[in-house]
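Protein chains: 2
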Amino acid sequence: MVAAPDIQVTKVQHSKIKDVDFGHLPFGKFFTDHMLVAKYDNRKWESVEIKPYQSLSLDPSLTALHYGQSIFEGIKAYKDEHGEVFIFRPYDNFKRFNTSAARMNMPEVPEEIFMEGMRELIRIDRDWIPAEKDHSLYIRPFMFATDAMLGVHPSDTYLFIIILSPTGPYYPRPLKIVVEEKYTRAAPGGVGFAKNAGNYGGSLLASTEAQKQGYDQVLWTDAFEHKWLQEVGTMNVFFVIDNKAVTPSLDEGTILDGVTRKSVITILNEMNVPVEERHVHVDELVKAYQEGRLQEVFGTGTAATIASIQTVKYQDHVLEFSEKDWILSMEVKKRLDAIRLHQAPDTHEWMFKV
Amino acid sequence: MVAAPDIQVTKVQHSKIKDVDFGHLPFGKFFTDHMLVAKYDNRKWESVEIKPYQSLSLDPSLTALHYGQSIFEGIKAYKDEHGEVFIFRPYDNFKRFNTSAARMNMPEVPEEIFMEGMRELIRIDRDWIPAEKDHSLYIRPFMFATDAMLGVHPSDTYLFIIILSPTGPYYPRPLKIVVEEKYTRAAPGGVGFAKNAGNYGGSLLASTEAQKQGYDQVLWTDAFEHKWLQEVGTMNVFFVIDNKAVTPSLDEGTILDGVTRKSVITILNEMNVPVEERHVHVDELVKAYQEGRLQEVFGTGTAATIASIQTVKYQDHVLEFSEKDWILSMEVKKRLDAIRLHQAPDTHEWMFKV
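Here the protein sequences come in this chain order: A and B. FYI, our numbering numbers position 334 of the first sequence as 334, with every residue one higher than the one before it. FYI, our numbering numbers position 109 of the second sequence as 109, with every residue one higher than the one before it.
Mixed in with the good hints, there may be bad ones.
Derived lysine-lysine pairs resembling BS3-like cross-links, with alpha carbons at most 30 Å apart [as the list claims (entries may be wrong)]:
1. A:262 to B:182
2. B:16 to A:95
3. A:39 to B:16
4. A:212 to B:39
Short derived list, chain A residues pointing at chain B, Cβ under 8 Å [what the hints assert, rightly or not]:
5. 23
6. 25
7. 28
8. 31
9. 60
10. 107
11. 208
12. 354
Don't read these hints as lab results, they were simulated from the structure. No experiment lies behind these values; they were computed from the predicted model shown. Don't be surprised by glycine CBs; every beta carbon is placed ideally from N, CA and C.
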């Protein structure tokens with residue numbers, strides 16, 4: 001454990017928790033009473049504050065708005081049956097956050113600010129953590145460039161902020177996805193592995209067009225041939241073929257190194273399910289389906305955790321799955337949930353106590 | 001001409017113009033007294049205001065900061081010797097702005113808000129337009145997503161803002177550039193042709209690494225082989241080979257459809273210089289240089305106008321140029337400047353009177 005940073009704390013006079021209907025929590029819509037704000041200037045992190053959640057006063061020439069130096073993470077905290085609060089693998093998100101920062105030419109956030117700042121903030125807003133099934137406290141650390149000038153160069157100043165949102169399930173039902181053959185999310189040498197804002201903005205048109213066709217999300221493909229499968233919308237993807245779990249490899253730097261993805265790989269290994277991280281061609285998928293060897297498809301991500309996939313469309317091929325097929329994904333989800341809710345031993349030390 | 005929108009105008013009580021040293025105007029650092037702000041909500045542009053330049057109050061969960069729906073344009077206004085004010089080809093930027101908006105799943109800005117709003121704002125702040133050589137009023141229209149929630153989907157609300165900055169030359173000296181072989185700016189199917197914030201943030205690490213090697217900028221290459229030349233930093237690029245001007249074509253959607261680029265092509269045509277818009281391989285460039293057929297290299301862009309390039313480095317090859325080589329680029333710049341400053345006939349109707 002690292003030392004807690006010197007945090008100046010200002011609490012709200014009146015909590016707004018009573019205004020929130022905890023029986024109806026759309027993803028990322030309600031925020032807790034407080035937020036953490038750290039300022040970077042003069043080549044160092046100059047201050048860390050926890051204060052009432054409030055609007056930011058930002059110059060219209062803000063570098064982040066014009067040149068997109070902006071990154072984030074998504075993490076979840078859970079309350080166990082004894083009311084104890086745990087965060088799921090935040091150190092992995094902390095490391096990935098700084099990987100994103102390096103790619104976007106931004107300063108690293110020190111461990112004590114990210115980890116201990118988050119812990120302190122959650123302690124203060126712990127009453128906001130929902131206890132219902134599939135509910136959690138979604139933690140959103142983010143950093144953006146705050147220089148007020150229009151020259152294209154890395155900003156000298158940044159804000160690192162953590163906000164918290166009590167949240168229900170992200171995808172309430174199984175997904176229908178379509179293999180994307182026109183738009184590209186990322187190419188080798190680009191920023192696909194970083195959790196930067198621009199990756200998401202660039203992806204919206206593809207999902208909107210998929211939705212017009214009746215699908216929830218796209219299954220991204222490579223930039224060159226649009227044949228090699230990458231990730232689903234904002235999640236990593238797993239295919240179960242011949243009782244093996246296959247997931248696209250990270251070697252080209254085009255997909256996100258998902259924390260849920262690697263947790264799922266660990267759990268599959270424990271279940272003695274072989275896992276292959278490798279390139280996956282869409283033709284392999286279609287052929288396996290036609291031969292009855294493609295057993296299930298699922299997405300993994302912090303927001304969605306495990307998302308069952310009901311339909312994969314590729315050209316004239318429609319690959320269909322139903323509840324009876326989601327055997328492995330449901331078992332993985334059960335084991336993951338048990339660890340998260342402290343109902344199973346935390347053998348990998350994934351749960352970070354608040 | 002379209003009708004002027006209904007603009008609510010609030011002027012400053014005291015101008016800050018006397019605080020600015022017009023003999024020293026770094027690019028995009030000082031802003032005029034006023035800004036234009038239009039709000040989009042309920043599927044329409046609800047209000048347009050001109051008001052004192054001021055900070056914006058934005059929620060920490062602002063969609064633009066998290067998911068990068070953020071685009072911009074760069075335009076310049078000039079004062080001629082009679083004190084009349086003209087904007088250079090703003091309608092082309094207006095059209096490109098809405099092309100960027102479509103790609104980023106954002107609403108289009110109507111012509112009357114973009115064009116007449118800009119005109120009205122410049123009228124109010126016309127005293128800020130510098131008259132010195134290579135100086136101008138830089139106009140920055142931009143739009144970003146303002147929903148306050150964390151679900152990944154297109155925002156329902158947006159702000160369109162125009163800010164103005166009196167500015168001096170962008171690159172005060174000829175540039176040294178290096179052919180980028182590691183990082184990728186854009187791939188076909190991506191957002192390379194759009195002027196969205198993320199493209200710039202993603203490019204900064206490459207320029208920083210180039211600067212560490214003693215170069216000003218990178219010459220971007222394709223995502224697949226890193227051999228096909230694309231653009232320079234934030235500019236389009238022209239190569240003069242065998243008395244012909246060659247510039248990368250726009251057909252793959254990976255480079256910006258520059259307004260200065262197409263103005264330069266028009267002027268070159270008028271000068272009876274053949275222009276080829278096509279794919280350009282780095283080996284062709286090196287071979288032409290070795291055989292004494294590569295005569296000059298220059299960049300074009302709104303901020304930089306015409307930027308002379310002194311060095312192009314590719315692996316062990318260092319292609320050097322000096323003042324005596326910049327014949328065509330200087331002639332193009334002279335003709336472009338003459339049109340901009342109203343010293344030559346505006347035969348193409350490029351100058352939009354304020």
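Against the structure, the hints come out as follows:
no.	hint	verdict
1	A:262 to B:182	27 Å, holds
2	B:16 to A:95	45 Å, violated
3	A:39 to B:16	28 Å, holds
4	A:212 to B:39	26 Å, holds
5	23	18 Å, violated
6	25	12 Å, violated
7	28	3 Å, holds
8	31	7 Å, holds
9	60	5 Å, holds
10	107	13 Å, violated
11	208	6 Å, holds
12	354	21 Å, violated
The structure shown violates the earlier hints numbered 2, 5, 6, 10, 12.
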